[in-house]
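Asks: Letter by letter, the chains look like this.
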Amino acid sequence: MVINEPKCESKSPMTLDKSTDKSTARSAFHAKAKQRMKWGRQLVIGGFVVAVAGIIFYCILCFSADLNPGFNLVLHNYNSWLLTSLGVIGSGTLLWLRGSFLYLLGAMESDPDDPDLYF
Amino acid sequence: MQHSEPDKTTGRDLPSITRHIQARLSGMHPAYFALSMATGITAIGCHLLGLNEFAAALSWVNFLSYPALWILFLARLVLYRNQVVADCTNHQRAPGFFTAVAATSVLGVQAVLFLGNPALAKLLWWFCVVLWALCTYGVFTALVVLKEKPSLAKGINGGWLVAVVATQSVCVLGCVLDTTLLIDRDTTLFLLTSFWLCGAMLYFWIISLIFYRYMFFRFSPSDLMPPYWINMGAVAISTLAGALLAKAAQHSAFLAALHPYILGMSVMFWATATWWIPMLVVLGIWRHLIRRFPITYDPLYWGLVFPLGMYAVCTFRLAEVLQMQFLLGIARFFIMAAAVAWFLTFLGLSRRLLFAVLLAGRHLWRSRPELPSLSESKPIGGEPHGYQ
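If you read the sequences in order, they're chains A and B.
Quick note on our numbering: the first sequence kicks off at 699 and runs consecutively.
Quick note on our numbering: the second sequence kicks off at 7 and runs consecutively.
Just chain A, with the same shape it has in the complex:
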């Protein structure tokens, strides 16, 4: 019985090392991109939540002032509360922006073999 052994093309150890290094570097690169996307997604969701909370808070303040004419006198520093609510909206938006930036950069560098991304 003859066993045909597969022919092994001999590769020099240096060529094998180079291709292994390149593959390792690429995996690390994609892992970093994926991590960036994960952080970005968390910041985007956090930013949404903070900004929407700010919008609701602002609306409630304005409607309360409308319904109770003396409300803005009763509530101390009504104007500063109003500015605070606008500040919360602004902070949420900035968080979202940072998260989107991270996510998009990560997405651009992510593994091309991963599923398509839509945004």
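Zero decoy hints are in this set.
If you anchor each label on the Cβ, the simulated ranges turn out as follows:
| hint | chain 1 | residue 1 | chain 2 | residue 2 | range |
| --- | --- | --- | --- | --- | --- |
| 1 | B | L215 | A | A726 | 54 to 62 Å |
| 2 | B | A262 | A | S762 | 34 to 42 Å |
| 3 | A | S762 | B | V363 | 34 to 42 Å |
| 4 | B | L215 | A | K720 | 58 to 66 Å |
| 5 | A | A726 | B | V287 | 41 to 49 Å |
| 6 | B | L152 | A | G788 | 43 to 51 Å |
| 7 | A | R739 | B | F299 | 12 to 20 Å |
| 8 | A | G788 | B | L129 | 29 to 37 Å |
Read the hints as simulated data drawn from the structure, not as lab findings.
Glycine included, each C-beta is placed from N, C-alpha and C at the ideal position.
Given the coordinates of chain A, work out where chain B should sit on it, guided by the hints.
Replies: Chain B in isolation, oriented as in the chain A frame:
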């Protein structure tokens, strides 16, 4: 610091910024004016209900976005005429052209409320009428004479009701102007009432087809596009137009006789709009939570924001005319919902723009000329720096 040559095989294969912009412009949906419609009506609603800071910010966004959309639309018409003609004969996309009519009308109302400029609003009203005539008799004729037509299931969607929104928007801006646009005030009011009734008839025809499609044809999550909210938006603007006509009837001999009829029809439209809301919410839960259809930005989402803002405004105006204070609570809730929906949709659009900016930046970075490193440069007639 040494910059390593970026490995071109890592990361996604992305188009150049030029090709990205070309692709976006050629494929731009004719219903993109819904962005201006949604922004404008939310600004108007915020103004009427006391959210002054939001009203000011949204107004500025709309004053910038309306001309920007026209620039993009005209650029598309010049550079990609074939695509524009193809849209005119596409049952799914053709009704999107009517958004330009409604956006113009909403801007006209803002010109009166925020700028105190009725002359500009009057000009916009005439522009609105011309656009309405072009869209109505251009788009519907193109669809009628088409040799090959899609089935009802593939051809109809909630976006068709933008034709109703456009028709009613002519009436709304005319009523807000409350002036002589034609010959005398009664003639003007007769014309505006005709637009209102014509819009109502269009609604009855189109909604019957949409309801038939809902009930008797297979319905997948991808079929429930955001424009289905215009089922509610079209009757909401009909309510608004009716409420404004009812208000104008107080000073018009012609409309005074029709006042009870106009009021009754307006309440009927408002009740119909209210009926649609839970239905659309339930279908939205089915689409996104049960069937797990992903929520990603789509310009058609502006067709969801507009009806929310319009419902708030029409409820406010109806409360004024009927003297029913409890309706104001409903208006307040919906303007808050509209503001949140506008904000989330605007962030989705901003992400698209941010992607284009990053793409441009990445392209510029990768095509930058390589500068020689300091260690390789040699001064003339001497040893290189750092080697002494």
